[in-house]
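*Asks:* Hey, can you work out the whole structure from these sequences and the hints?
First to last, the sequence lines map onto chains A and B. Each residue of the first sequence is one higher than the one before, counting from 1 in my numbering. Each residue of the second sequence is one higher than the one before, counting from 1 in my numbering.
Hints are computed from structural coordinates only; laboratory data are not their basis. It is possible that some hints are incorrect.
As the list claims (entries may be wrong) - Below, computed lysine-lysine pairings styled on DSSO-like, alpha-carbon distance capped at 30 Å:
| id | chain 1 | residue 1 | chain 2 | residue 2 |
| --- | --- | --- | --- | --- |
| 1 | B | Lys195 | A | Lys133 |
| 2 | A | Lys221 | B | Lys194 |
| 3 | A | Lys221 | B | Lys16 |
| 4 | A | Lys173 | B | Lys194 |
| 5 | B | Lys195 | A | Lys129 |
| 6 | B | Lys194 | A | Lys133 |
| 7 | A | Lys197 | B | Lys101 |
| 8 | B | Lys101 | A | Lys221 |
| 9 | B | Lys88 | A | Lys127 |
| 10 | B | Lys46 | A | Lys174 |
| 11 | B | Lys101 | A | Lys127 |
| 12 | A | Lys135 | B | Lys138 |
| 13 | A | Lys133 | B | Lys191 |
| 14 | A | Lys173 | B | Lys88 |
| 15 | A | Lys197 | B | Lys195 |
| 16 | A | Lys221 | B | Lys138 |
| 17 | B | Lys46 | A | Lys173 |
| 18 | B | Lys194 | A | Lys129 |
| 19 | B | Lys191 | A | Lys135 |
| 20 | A | Lys174 | B | Lys191 |
| 21 | A | Lys129 | B | Lys191 |
| 22 | A | Lys174 | B | Lys195 |
| 23 | A | Lys173 | B | Lys80 |
| 24 | B | Lys195 | A | Lys135 |
To be verified - Label pairs and their computed distance ranges (CB to CB):
| id | chain 1 | residue 1 | chain 2 | residue 2 | range |
| --- | --- | --- | --- | --- | --- |
| 25 | A | Ile103 | B | Asn267 | 45 to 53 Å |
| 26 | A | Lys133 | B | Asn280 | 50 to 58 Å |
| 27 | B | Leu300 | A | Asn4 | 27 to 35 Å |
| 28 | A | Gln217 | B | Asn85 | 43 to 51 Å |
Just so you know, even glycine gets a beta-carbon here, dropped at the ideal spot from N, CA and C.
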Amino acid sequence: MNENLLRLEDLVNNPTARVPVCLCLDTSGSMSSGSSFLGGLFGGNSGSGSTPIDELNEGVKLFYNAIRDDETAMYSAEIAIVTFGGYVKLVQDFANIERQPNIPTFTAIGDTPMGEAVNLALDCLEKRKQEYKDKGVDYFQPWLVLITDGAPNGSSSELDRAINRTVELVNTKKLSVFPIACGNDADMNVLAKFSPKRSPLKLKGMNFKEFFEWLGQSVSKTSQSMPGESIIIDIESIKGWAEL
Amino acid sequence: MWRLVCCEVQGRGHIKTDTPCQDKTKQLFKDGVNVIALADGAGSAKHSHFGAECVVENISIYVADNFKQLFENANGKQVKLAIMNELKRVLIAKCDELDCKYVDLASTLLLVAVCEDKYIIAHIGDGVIGYLDGSELKIASSPDNGEFANITTFVTSNEALISMRLLKGNIKEISGFIIMSDGTEQSLYHKPTKKLANATVKLMQRTCLISGDVLRSQLIEMLTSVISVNTQDDCSIAIMARPFGVLRNLEDMSFDERRDLFRISNNGTKLKRRVGRYDNIVAFLKTPKTLKQISAEIQLKPKYTKKHLNKLVSIGILVKHGMLYSITQPSTKPDA
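*Replies:* Structure below.
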């Protein structure tokens with residue numbers, strides 16, 4: 001006879017605390033060209049024939065698999081993807097990995113409406129947070145990962161609005177931003193505007209895989225944190241593949 | 001009349017990292033005041049296990065010593081200040097002892113104190129304080145997590161005074177209080193509906209019936225093997241209950257409740273007889289008796305009687321002092 005005071009059936013079912021992560025990805029035309037990447041200088045890809053968009057696709061696939069393989073992150077991470085290449089698209093609204101059996105892939109085309117994309121990402125985030133509150137689901141501070149290889153050339157008013165919104169959220173500790181530049185043509189100044197507390201990171205070559213691997217591990221660490229624990233995002237560990 | 005029990009267990013996460021358990025609990029009966037207290041040390045604070053221990057040890061004594069003055073003071077802000085000042089005093093002394101910073105001792109605080117028909121409740125941070133009012137489970141104070149899951153207020157935070165919840169009142173129909181850290185809350189408090197698990201009534205019931213030491217072991221086992229399934233965090237719990245209303249004495253419980261308490265399987269034979277035997281033993285032991293006396297009463301050889309008595313002692317329904325057995329609260333000397 002079970003001698004425990006209580007059994008598993010006596011316990012309540014609480015939803016897992018969520019880590020909302022939004023990937024805001026540049027899929028503009030320049031991501032299909034390998035000309036910005038001089039493999040010999042930067043390491044990473046050289047002579048393999050793959051383009052930045054190919055590497056980005058591989059990196060996102062690796063990120064999804066890393067989350068799937070982690071028992072805690074699998075139930076807590078909620079991933080949304082917004083792309084900006086010619087137009088802005090919500091490729092995937094916030095959902096956990098179980099509800100995303102097919103990993104999205106991207107093709108490169110068009111201009112770089114970065115401001116519009118970040119605004120859409122922030123709108124989705126606010127909507128998701130409200131859903132969490134309505135359903136009594138706990139959540140951690142959301143993450144916005146912004147990756148670009150160029151300069152924004154969408155609406156300047158949308159860009160300003162996106163920057164102002166992001167900066168306010170970061171300064172009030174309601175959002176963590178990871179601005180990532182890839183290639184020599186990325187506008188580091190604009191990226192820096194999105195992130196008052198964290199300098200933009202520049203990928204060496206096309207080291208998306210290493211970045212997304214690190215991202216998956218960081219999400220896992222966050223989802224296991226307990227009240228009072230500072231979540232230290234280990235920037236040092238990504239210096240090997242990025243330049244600060 | 002009030003029965004108290006408390007315990008804490010190290011979480012799976014802390015076992016892996018070899019971090020001491022940062023949850024601490026305390027039960028105290030002093031000068032007519034019953035107190036249960038719980039503190040959950042901050043994960044990032046270097047000495048938070050010492051901080052949590054310092055908080056529960058000292059604030060329990062402070063509230064017990066000053067219950068009347070605190071209760072009769074109509075100015076809640078003054079009472080909060082008094083509690084905060086006491087917390088600061090003892091934590092600063094602990095800082096000096098450990099040569100550490102104040103924030104290194106960060107912890108939450110949950111406390112319930114009852115004297116006669118009055119109660120005081122104080123709460124800083126996360127975790128839950130609930131109570132059984134008549135037949136209804138209610139929440140006295142819910143977790144304070146701010147917007148994000150891993151954020152809360154600690155006794156060392158600047159906002160501690162502002163965020164402290166302080167309640168007082170008359171006991172009336174209240175028969176039990178339960179306090180739990182956020183680790184335990186994950187299993188026994190439903191966050192979307194802000195309700196306690198019904199199973200907490202069973203825990204309060206057992207608190208009224210089972211000896212403190214045995215119940216404490218049972219609670220530790222429960223936290224370790226059942227509650228910890230749902231969390232990596234340390235888990236702790238403290239209960240204060242009295243036989244009143246829904247929390248009945250053994251003789252007022254149903255057949256199935258007694259069978260469950262006596263750990264008699266539903267699948268066995270002669271259920272009625274087996275439960276009846278234990279009913280007889282318990283009824284006979286309202287005053288302490290020897291094995292020989294009990295054996296004669298239930299008409300069973302001593303060696304078989306001893307087996308049943310040992311089981312009831314291990315469950316916590318009986319206690320054994322020397323050669324005498326009795327129910328957990330003996331009141332008179334044994335018969336000659």
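*Asks:* Give a verdict on every hint.
*Replies:* Against the structure, the hints come out as follows:
| no. | hint | result |
| --- | --- | --- |
| 1 | B/Lys195 x A/Lys133 | holds (16 Å) |
| 2 | A/Lys221 x B/Lys194 | holds (27 Å) |
| 3 | A/Lys221 x B/Lys16 | holds (14 Å) |
| 4 | A/Lys173 x B/Lys194 | holds (26 Å) |
| 5 | B/Lys195 x A/Lys129 | holds (22 Å) |
| 6 | B/Lys194 x A/Lys133 | holds (13 Å) |
| 7 | A/Lys197 x B/Lys101 | holds (26 Å) |
| 8 | B/Lys101 x A/Lys221 | holds (26 Å) |
| 9 | B/Lys88 x A/Lys127 | violated (41 Å) |
| 10 | B/Lys46 x A/Lys174 | holds (26 Å) |
| 11 | B/Lys101 x A/Lys127 | violated (40 Å) |
| 12 | A/Lys135 x B/Lys138 | holds (20 Å) |
| 13 | A/Lys133 x B/Lys191 | holds (11 Å) |
| 14 | A/Lys173 x B/Lys88 | holds (28 Å) |
| 15 | A/Lys197 x B/Lys195 | violated (39 Å) |
| 16 | A/Lys221 x B/Lys138 | violated (34 Å) |
| 17 | B/Lys46 x A/Lys173 | holds (24 Å) |
| 18 | B/Lys194 x A/Lys129 | holds (19 Å) |
| 19 | B/Lys191 x A/Lys135 | holds (9 Å) |
| 20 | A/Lys174 x B/Lys191 | holds (22 Å) |
| 21 | A/Lys129 x B/Lys191 | holds (16 Å) |
| 22 | A/Lys174 x B/Lys195 | holds (28 Å) |
| 23 | A/Lys173 x B/Lys80 | holds (29 Å) |
| 24 | B/Lys195 x A/Lys135 | holds (14 Å) |
| 25 | A/Ile103 x B/Asn267: 45 to 53 Å | holds (50 Å) |
| 26 | A/Lys133 x B/Asn280: 50 to 58 Å | holds (56 Å) |
| 27 | B/Leu300 x A/Asn4: 27 to 35 Å | holds (29 Å) |
| 28 | A/Gln217 x B/Asn85: 43 to 51 Å | holds (44 Å) |
Hint compliance for this structure: hints 9, 11, 15, 16 are broken, all remaining hints hold.
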